[in-house]
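Start from the sequences and build out the full structure, keeping to the hints where you can.
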Amino acid sequence: MNISLVSVICYLLGIAALVGLNAVILVWLERKVAGHMQFRYGPMEVGPHGILQTLADGIKLVSKQLLIPDNADKPLFLLAPIVSLVPIFAAMIPIPFTETIQVWELNIGLLLIIALGLLNTLGILLAGWGSNNKYALLGGSRAVAQILAYKIPLLICIMTIIMMSGSYSLRDIALAQKDGWNILYQPVLFIVYIIAITLETNRSPFDFSEAESELVAGFHTEYSGMGFSLFFLAEYSYMLIAAALASILFLGGWQGPFLPGLAWTLIKTYGIICLMMWFRWTFPRVRIDQMLSFGWKVLLPISLINFLITAGVLAL
Amino acid sequence: MSKSVQPTYTLEKVSDENFALNLGPQHPGTHGVLRVILHMDGEYILQADPVLGYGHRMQEKIAEKMTYQQNLPYVSRMDYLGALSYNLAWVCAIERLCEFEVPERAQTIRVITTELNRISSHLLWWGAYLLDLGAFTPFLQAFADRELILDLLEYVTGSRLTYCYYRFGGLPSDVDDVFLTRVSDFIGGFRKKLPRYHALVTGNVIFEHRSKDVGVILPFDAASYGLSGPILRGSGIAYDVRKHEPYSGYESYEFTVPVDDTGDCMGRYNVRMEEINQSLNIIEQAVSNISDGPIQSKVPKILKPPVGEVAMAVETPRGELVIYIESDGSKKPNRVKYRVPSFANLSIFAKLARGQLLADALAVLGSMDMVIPEVDR
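Going down the list, the protein sequences come from chains A and B.
Be aware that the first sequence starts at 258, since it is given in the numbering used here, and climbs by one per residue.
Be aware that the second sequence starts at 861, since it is given in the numbering used here, and climbs by one per residue.
Hint data in this document are derived by calculation from the structure and do not stem from the laboratory.
A virtual CB, placed ideally from N, CA and C, is assigned to each residue, including glycine.
Heads up, a few of these hints could be off.
[Said to hold, decoys possible] Derived BS3-like pairs: lysine-lysine, alpha-carbon spacing no greater than 30 Å straight-line:
#, chain 1, residue 1, chain 2, residue 2
1, B, Lys1052, B, Lys1072
2, B, Lys1053, A, Lys289
3, B, Lys1072, A, Lys408
4, B, Lys925, B, Lys1164
5, B, Lys925, B, Lys1158
6, A, Lys391, B, Lys1211
7, B, Lys1103, B, Lys925
8, B, Lys1192, B, Lys921
9, B, Lys1191, B, Lys921
10, A, Lys289, B, Lys1052
11, A, Lys331, A, Lys321
12, A, Lys289, A, Lys321
13, B, Lys1161, B, Lys1197
14, A, Lys391, B, Lys1072
15, A, Lys408, A, Lys317
16, A, Lys408, A, Lys435
17, B, Lys1072, A, Lys554
18, B, Lys1161, B, Lys1192
[Said to hold, decoys possible] To give a feel for the contact side, a few chain B residues facing chain A, derived at Cβ under 8 Å:
#, residue
19, Gly994
20, Phe1046
21, Arg1070
22, Asp1073
23, Leu1222
Here you go:
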């Protein structure tokens, strides 16, 4: 593998474009989904059906003053959004969007994404601690408290899939589903996975670290302007990664009849994102202790039993 | 010289382990300018001290400085969600004091409009409570239906929120058949929509887990703290002013007082949802039985009530409102006292919040349906 400077720059530009475009579309999509669920249209003014609204909001946010509260831990406060955002660039390396569109085929791609996904929580914790705000601190500590409750079931989910396809490489996992998607064999696991990624991306009904009605805005209470929008970018990019992973692990990735590969990837990925939006605009928020006991007492046993049964069936 | 008032609360460091959290007056969970000082141990609340007065407007003093008519539109500014109930309480108090007759048609129209107002208030509570639990969509669903009620009330009263529709001895303007047909249409349509509310929220597992056994008020506590309205009825005490001290002809309508024995947020939720149903029943009966006739009895232009005192209790959407007026025979009242439901209902919050999680405390606050200007008045 020879890596030239040109290819690195091309990669960075490509991912930056993807992250930006994805956030623009997802913010717009979220507002549209929310609007139509609530008898209204959502953004309609800027561009056709308000598609450019996010761009206008983004420009406004960039032009805003970056406020740093008194007594905030300045380095941590400034570092937190960056810590949230930067791992995304690395986490997108091993994702195969089609058979040919992939930055780098890694044989441990899945592990890399899982490891980098944890850094999001670090960013939230830094923001909570660095803001010198009690609500932000509560939000940050909630993010850390919940991490084990969903990470372990999530990892067991992924281990089961790895066991079924015999590889850590995302491309191999997708190719192994040529004859039948994993969701057909593992429907329960798919549900566990969707719940876990909803938790991982801090989205309602599990948006504990934001929790508007309880913690004002949670970990990003003190952030404004660019810091705030970086957190937003990070949230929507993690959604993209989590949904892309779901489509590869359970829905066969880019494979599907009639349409080209990229179209299938986009349909599956954004379909799962729409599912997460549907949750957000329908459910009330779970209480954090209820969620923790749900994670430990329901998700973990289900995924473990599922793991054992799968192992047994595969051994036969 | 005035002595400086020492605050009983502190935001200083409480101890090494615990901290004080300032909830409000600008906080999305308190729906107004309520401020609560919370002493927290992690996510658990050790102590909650409500701090009132950010919306204090000297309502009682202002009422004593103005004539009875002048104060009429100002009363409803206290509870902007149940404005017509306040309007009704003020005119009924004066009518009781001066012994004015109110024509039957006027009384029926008062009942129709007040009950419509009650439904709109409960709808807003429904949305706001779900907002406190973290669900955003119900809020706008409720607003879409509340809008229909506001349109109806705007058609007859001329305003959409802080109404001033009743006058001493009657009404300023009559309703027409268009209004009555529209009300009937609304009731028919709304009855069809109510199951959707339950489908979206009531059966939801997350909602049940957040509401059941949260913020339980025992009947004894409910009575001794002077709670009223849906909170009292959610604790198993079937007290409703409309039933026990009927005014404005409520004795002639058939309706039940919904009660729930559980005393938790779910109980209060069920009571309010059933109250919407009962209000629809009342409006239906009123619309079908409305009689022709005058809407205003003869009252003197310059109102000088006889010397004496009067108390008038009215069931607002939030509970029992009592207006007490002491008249010295002049154009202005000598003393006015408002006993507002939200203020008494808030008094139990400190007890309920102790030992709760922050999320539960805000759910309890949401289930109490506070209107902060009413508390502060």
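Verification of the hints:
1. For the given pair, lysine 1052/B sits about 27 Å from lysine 1072/B by alpha-carbon distance, which is consistent with the 30 Å threshold.
2. Distance hint between lysine 1053/B and lysine 289/A is fulfilled; the C-alpha atoms sit about 23 Å from each other, no more than 30 Å.
3. For the hint pairing lysine 1072/B with lysine 408/A, the CA-to-CA distance comes to about 29 Å; that is within 30 Å, so the pair holds.
4. The straight-line distance between the Cα atoms of lysine 925/B and lysine 1164/B is roughly 14 Å, inside the 30 Å bound, and the hint therefore holds.
5. Note on lysine 925/B and lysine 1158/B: the hinted pairing holds, with a Cα-Cα distance of about 26 Å set against a maximum of 30 Å.
6. Proposed proximity of lysine 391/A and lysine 1211/B is supported: the alpha carbons are some 23 Å apart, at most 30 Å.
7. At roughly 34 Å between alpha-carbon atoms, lysine 1103/B and lysine 925/B are farther apart than 30 Å, so this suggested pair is violated.
8. The hinted pair formed by lysine 1192/B and lysine 921/B meets the criterion: a straight-line CA distance of about 11 Å does not exceed 30 Å.
9. Distance restraint check for lysine 1191/B and lysine 921/B: the Cα-Cα separation of roughly 15 Å lies within the 30 Å cut-off, and the hinted pair is therefore satisfied.
10. Proposed proximity of lysine 289/A and lysine 1052/B is supported: the alpha carbons are some 27 Å apart, at most 30 Å.
11. Distance restraint check for lysine 331/A and lysine 321/A: the Cα-Cα separation of roughly 18 Å lies within the 30 Å cut-off, and the hinted pair is therefore satisfied.
12. Straight-line distance between C-alpha atoms of lysine 289/A and lysine 321/A comes to about 25 Å, which keeps the hinted pair within the 30 Å bound.
13. The hinted pair formed by lysine 1161/B and lysine 1197/B meets the criterion: a straight-line CA distance of about 25 Å does not exceed 30 Å.
14. Between lysine 391/A and lysine 1072/B the CA atoms are separated by roughly 28 Å; this keeps the pair inside 30 Å, and the hint holds.
15. Among the hinted pairs, lysine 408/A with lysine 317/A is inconsistent with the structure: their alpha-carbon atoms are about 36 Å apart, more than 30 Å.
16. For the given pair, lysine 408/A sits about 28 Å from lysine 435/A by alpha-carbon distance, which is consistent with the 30 Å threshold.
17. For the hint pairing lysine 1072/B with lysine 554/A, the CA-to-CA distance comes to about 20 Å; that is within 30 Å, so the pair holds.
18. Between the alpha carbons of lysine 1161/B and lysine 1192/B the distance comes to roughly 14 Å, so the proposed pair stays at or under 30 Å and holds.
19. At its closest, the beta carbon of glycine 994/B sits 3 Å from a beta carbon of chain A; the interface hint therefore holds under the 8 Å criterion.
20. The closest approach between the C-beta of phenylalanine 1046/B and any C-beta of chain A is roughly 17 Å, which is over the 8 Å cut-off, so the hint fails.
21. Annotation: arginine 1070/B was flagged as interfacial toward chain A, and the flag holds, the nearest CB pair being 6 Å apart, inside 8 Å.
22. Taking 8 Å as the C-beta cut-off, the interface hint given for aspartate 1073/B is violated, the closest approach to chain A being about 12 Å.
23. With its C-beta approaching chain A no nearer than about 6 Å, leucine 1222/B sits inside the 8 Å limit, and its interface hint holds.
Hint compliance for this structure: hints 7, 15, 20 and 22 are not met, and every other hint is.
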